Each structure stands twice: as C-alpha cells, then as structure tokens.
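Those sequence lines, one after another, are chains A and B. If you count the first sequence from 1, position 14 lands on 14 in full-length UniProt numbering, and the numbers rise without skipping. If you count the second sequence from 1, position 216 lands on 216 in full-length UniProt numbering, and the numbers rise without skipping.
Hint data in this document are derived by calculation from the structure and do not stem from the laboratory. All of these numbers come straight from a predicted model, not from anything done at the bench. Any given hint could turn out to be false.
[Said to hold, decoys possible] Below, a list of computed lysine-lysine pairs in the DSS-like style, where the Cα atoms sit at most 30 Å apart:
id : chain 1 : residue 1 : chain 2 : residue 2
1  : B       : K48       : A       : K134
2  : B       : K259      : A       : K16
3  : A       : K210      : A       : K140
4  : B       : K250      : A       : K99
5  : A       : K140      : B       : K259
6  : B       : K248      : A       : K83
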Amino acid sequence: MNTEQETGEKPNISIKNLDITYNYENDSEEVKAARDINLDIKNGEIVSLVGESGSGKSTIGSSILNLLPKDTLTRGKIQLDGKNLLELPENDIREIRGKDISKIFQDPMGRLNPLMTVEQHFIELLNEHTDFGKEKAIEKSIDALNDVGIPPNRFEDYPHEFSGGMRQRIMIALALVLNPRILIADEATTSLDVVVQSQILNLLRDVTEKYNTSILNITHNLGVVAEISDRVVVLYGGKVVEKGSAEEIFHKPKHPYTKGLINSVIGLDTEELEWVEGTPPDLVNPPSGCPFHPRCPQVMEKCKKQFPEQTGFNDSHKTWCHLYES
Amino acid sequence: MAEGRGLASYILTRLILAVPTVLILLTIVFLIMRVAPGDPAQAMLGAKAPPSQLELLREHMGLNKPLYMQYIDYIFGVVQGDLGKSFQFNTPMWELIKPRLMATLELVLYGFTLAVGLGVLLGKESAKREGSWGDFLGDLYGIAIYAFPIFWVGIMAQLIFGIELGWLPTSGRFGAMAPPQTITGLYTIDSLLQGQIDKFIVAIKHLILPATVLGVYISGIFTRITRTNMLQTLKEDYIEAAEARGIKEKLVVNRYALKNALLPLITIMGLQFALTLAGAVLTEVTFNWPGMADFIVSMAIERDYPAVQATVTVFAILVASVSVLIDIVIGVLDPRIRF
Chain A
1 MNTEQETGEK PNISIKNLDI TYNYENDSEE VKAARDINLD IKNGEIVSLV
51 GESGSGKSTI GSSILNLLPK DTLTRGKIQL DGKNLLELPE NDIREIRGKD
101 ISKIFQDPMG RLNPLMTVEQ HFIELLNEHT DFGKEKAIEK SIDALNDVGI
151 PPNRFEDYPH EFSGGMRQRI MIALALVLNP RILIADEATT SLDVVVQSQI
201 LNLLRDVTEK YNTSILNITH NLGVVAEISD RVVVLYGGKV VEKGSAEEIF
251 HKPKHPYTKG LINSVIGLDT EELEWVEGTP PDLVNPPSGC PFHPRCPQVM
301 EKCKKQFPEQ TGFNDSHKTW CHLYES
Chain B
1 MAEGRGLASY ILTRLILAVP TVLILLTIVF LIMRVAPGDP AQAMLGAKAP
51 PSQLELLREH MGLNKPLYMQ YIDYIFGVVQ GDLGKSFQFN TPMWELIKPR
101 LMATLELVLY GFTLAVGLGV LLGKESAKRE GSWGDFLGDL YGIAIYAFPI
151 FWVGIMAQLI FGIELGWLPT SGRFGAMAPP QTITGLYTID SLLQGQIDKF
201 IVAIKHLILP ATVLGVYISG IFTRITRTNM LQTLKEDYIE AAEARGIKEK
251 LVVNRYALKN ALLPLITIMG LQFALTLAGA VLTEVTFNWP GMADFIVSMA
301 IERDYPAVQA TVTVFAILVA SVSVLIDIVI GVLDPRIRF
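Work the whole structure out from these sequences, hints included.
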C-alpha cells in the first residue's frame, strides 16, 4: 500500500486546523484538548494516532462523529465529500454514523445491549440506514459476521453468551456491515489479551483491505501501531508533534518525545526500561511554547516561548521541533 | 430452542420455589392469629357466657385440638381452597371475600397501571434532561407526592371534582344501578364482555377518582426509581456505541436506556405491590369502596377470627403470586437471568 505520498490522491477524510475545547462555558476550567490538528486519511489507509492519556487522541476520534460532550467547542473543519462534519445538523451526522464512518471502542464487554440478540443489533442498524428487506438484512449481517469469524449459528445469541474477543468481533462486524469508508478504532484491542489482540489486528487489516476501508487507529500501544499502520501521527498535549510513515517513525524518529516513546517499549533485549520523565501536561493551563518543553531532555530557551514551525524531511515525514528548524 | 427450554425450566423453578414462600407466609399468618390476645370463643360469646357454651364453640371452631392439628387443618384447608367459615354468616369465607377482593383488585389494577405509566414517563423525561428545570420538577414531584397523606389527597379530590365541579361520584363502586353480571368480578371488564357500554361508563366514572388518587400517590416512587436507574443506564458503554452507529435518539433512550433501567424497576414493582394494597385500604375507606379494607376492619371489630385469618391469608397468597409473576416477567425480559 502507498505510504510515502501525502499529496496526489484525493483524501477520504480531511481534518483541517481542528481545535477542541472542553468546558468552554467555564473559563477557569477550559480544557484545551486539541489544537491545530491537520490530518488527511486516504482510501484504504491505516493511520495511527499515538500519544499518552490526555494527549487528545480519543477526543479527535470522537469529534469526527460529533460525539463529544455538549459543553465542547470545536473549530476548524473535518471534511468528508466536501461537507464539514462539524457543522452538519444532528440528523445528517447521524446518518453518517455507522454508515460512512463507524467506530469501535475499548472494552467490548459492555458495548452491546444486554437485552438484544446479535441479530437484533444488526437488524436495528440496517433498518436505520438502509431500506433492505428483512431477508437481505439477515443475509448481509451473516456475511459480515462470517468475515469476522462468528459462525451463523450464533446469530440469535445474546451478548453475555460471547467472550470479550468475540464481542469485539461482533462490534467490528457491526461497524463494517454497511461498508463504511472510515473505521475509527479507539483503543480497540487494549482490553483484550495478547493473542486475541493480534487476531483482531489481523482481522482489521484483512477486512479493511477487502473493502478498501480506511482506519483511524487510536492507541497508546506502539506494538499495535507497528503491526498495522501505514502512517503514524504522534500527539503530545493536544498538538501533533511528528508524523510520518510507520517505518520513519519507528526507525528514524526525530522529535525527542517520539524517541522517548519508542525507547520506552519493552523489547526482548531490554535490560533497563527507559521512559519519558515527568507527567503529561495540564491542559487547563498548558505550558507555553512547545507543550513538551518541561519534560524535554534537549530543551532550549525558545522552546518555552514559541511553538515550533513544521520541519519536513520528505513528503511524508514531518516534525514540529526547534531542534530541526533551520 | 435451547432458549425456550431455559425459560421453561426457569419458570418451573420459580413456581416450585414459591411453594415454601407461601408455606412460610401461611405459617406466620397462623401463628399471629394464635398469639393475638383474647380467646376467640370468649370474644364471640361475651364475658358472661356459660362454660359449657364456650366449650361447645371451641370444639366447633377446632380450638380444642392440639396446636399442630389446628395448623395441619388450616394448611390443608387453604391448599384445597377452603378458607373456613365465617361465624356470623355461616357461609364459606371465599364467597364472602371474592366480590370484595375483586373490588380491591379492580381499584389496584387501575391505580397501579396509572402509577407505573406516569412514574416511568416522568422518570424517563426527567433523566433525559438531567440537571435542568424539568428534571428538578420531576424529582420534586417524586418526593412531594409521596409526602402527602393519601387520605387528604383523596378528600381534596372528592371536594374538588365531586362536590365543587360535580363531575364524578365521590363514593361507592356502582351507585344505585344493578352491577353487570359477574364473570371476572371486575365491573369494567364484565360490562365490556357483555357489551354493556352504559354500565362500563358508570363503572369507570366511579373508578376515576379513587384509582387516580391511588395511582398518583404511588407514581412518586416509580418516578424516582426510573429516573435514578435511567441516569445510570444512560452512562453505559452501549449507549455511546449505539449513538456511534447512528441509532435514533428515541430508540437509544427507549430500547437501550429505558429497557435496561426497567429491570430493577420491575423488581421494585413487586415489592411496591404490597404497599399498593396498603394504600388501597386507605383509599377504600376515603371513597367508601366496597373492597377488602372495609371487610377486614368490620370482621376484626366483630372478632370473627376465621374471617380475619382468611382475609390475611388471601392477601399473603396474592402478594406471593405477584412476586412469582414479577420473577417470570424479569426472566422473559432479561436473557442473563435464565439458567
């Protein structure tokens, strides 16, 4: 798959200058969860958003479907087919949810209605977004379940009769049954055990390849990122600090934060684990300049004053760090 | 298929488990009647009755038998549907109780339905608007309505709708007209079954005030319980997941949040049913409703012990049956409970 070019092919979804602020009605508790986010995702591409808790990665994922809490201010654009999703009326965005853009979550255990069978979940979804007759709806659902390895004889079972991994497969089947263009996977494998995790990742890759679906993969787990991503976007304190192909981010990381993240992954030959010193920034009163400067081992005077400009190493690999500014 | 069998065996288990429950209830009823002060025979014949007469009556009532024999007689009687005979009327208790029980049931049925409907509706709307003025009013209603004395509300309703406005009758169950022929004993149902619309209207008119007073009173609890449970279910993960699938808000609220919130509510309904019977007693007195309340009070005053015992037995069995029914309803609604 094409990982090098960000230009050329028309993006599937395009996020431009996105700012997200929580509690904006209350000045003293305003949380600047994301600032000036720019991101294009192409057809069939798997892009990972990586960062610590509080880096803004889940917030960005939720903003695409307009699922943020009421007291949240969003600015900028999230464009799909020339429409700005942030400005769509509730009814229109609801039609996009589950059909053009769908989402799977962390912890699949409680994501299905315990009082509804798998079949009822599918029929409800297909009734909402299509005018298939019952027969066609059932056929479609069974195909989708088949894709994720759930046998048809489990179609009428209730959620509590499935394991966590199987429930996540069902969630994936529900997310993909309408052949969406984008799947947002928010820590979708985090609560699963390692074997199931890798099964689910393979499944995601296969199924999305089959239907040419893009994935926005939100995670803090770099192992997951390395396994499936085409491109990686590193977030810190609500800002993008580096982006590039998976290859570039893992083998030629530039930003001191990205380097720290990668060094803190446990490998077989790890003797002493390194980590990034300090704690994530307070987003109510974010640090001045580059949000990473209080923890940065290579901090300079200007890092405290001013957020760096973009430095490009090639068409895909970019970072925002004063170290590389010429 | 497996599901059907699971449900059937669940229901069977519930029914079997109900037997000891009822037995314990009956034992308690029996014991309470025995430890109640006073000698029933003496009470009936008066303080100056000759000992020979007392002895005769005791023998007639079975009071001279050993306690365990009395207990066995009582239990076997109940099992065979024999609640004993009233002393005053010398008729089988069941014939005396049945019309009154049906009157109470008709009142409770309408009152309870109204309470559940109103409570669930207000609770749901409150929860959807958490923190708003509407929510505050709903919550206030839930607390305030329960704090009013029910008989006072009843008297006010009589005063306003019965006397001032003259819209509705304030007492009795049917007025001077001949009630519909008994099929079920519920006038509204019987009149409809026989196609007598005029009698149905009379029956409904008499029901409106007492059933509304009873229903509104009890709806307060249901409002609060529905609201609390829905605030919880609205925060569940499956709500967010359903929204992300683009399911309409109305469906998310009703099919996901409300349905899951109703499960604990239904359990509480079972417990509330007993309290509704107690509330019905007060309502019956206020509205002169010819139900169980009036009956049990006059029987107690007359010291008709078999009648009191029979009435309490009927109440006990009724409450136990409702609790089994609730278990079954929950089993049907919640797939996780069947085993």
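These are the hints, each one checked on the structure:
no.	hint	result
1	K48(B) / K134(A)	82 Å, violated
2	K259(B) / K16(A)	40 Å, violated
3	K210(A) / K140(A)	15 Å, holds
4	K250(B) / K99(A)	19 Å, holds
5	K140(A) / K259(B)	27 Å, holds
6	K248(B) / K83(A)	21 Å, holds
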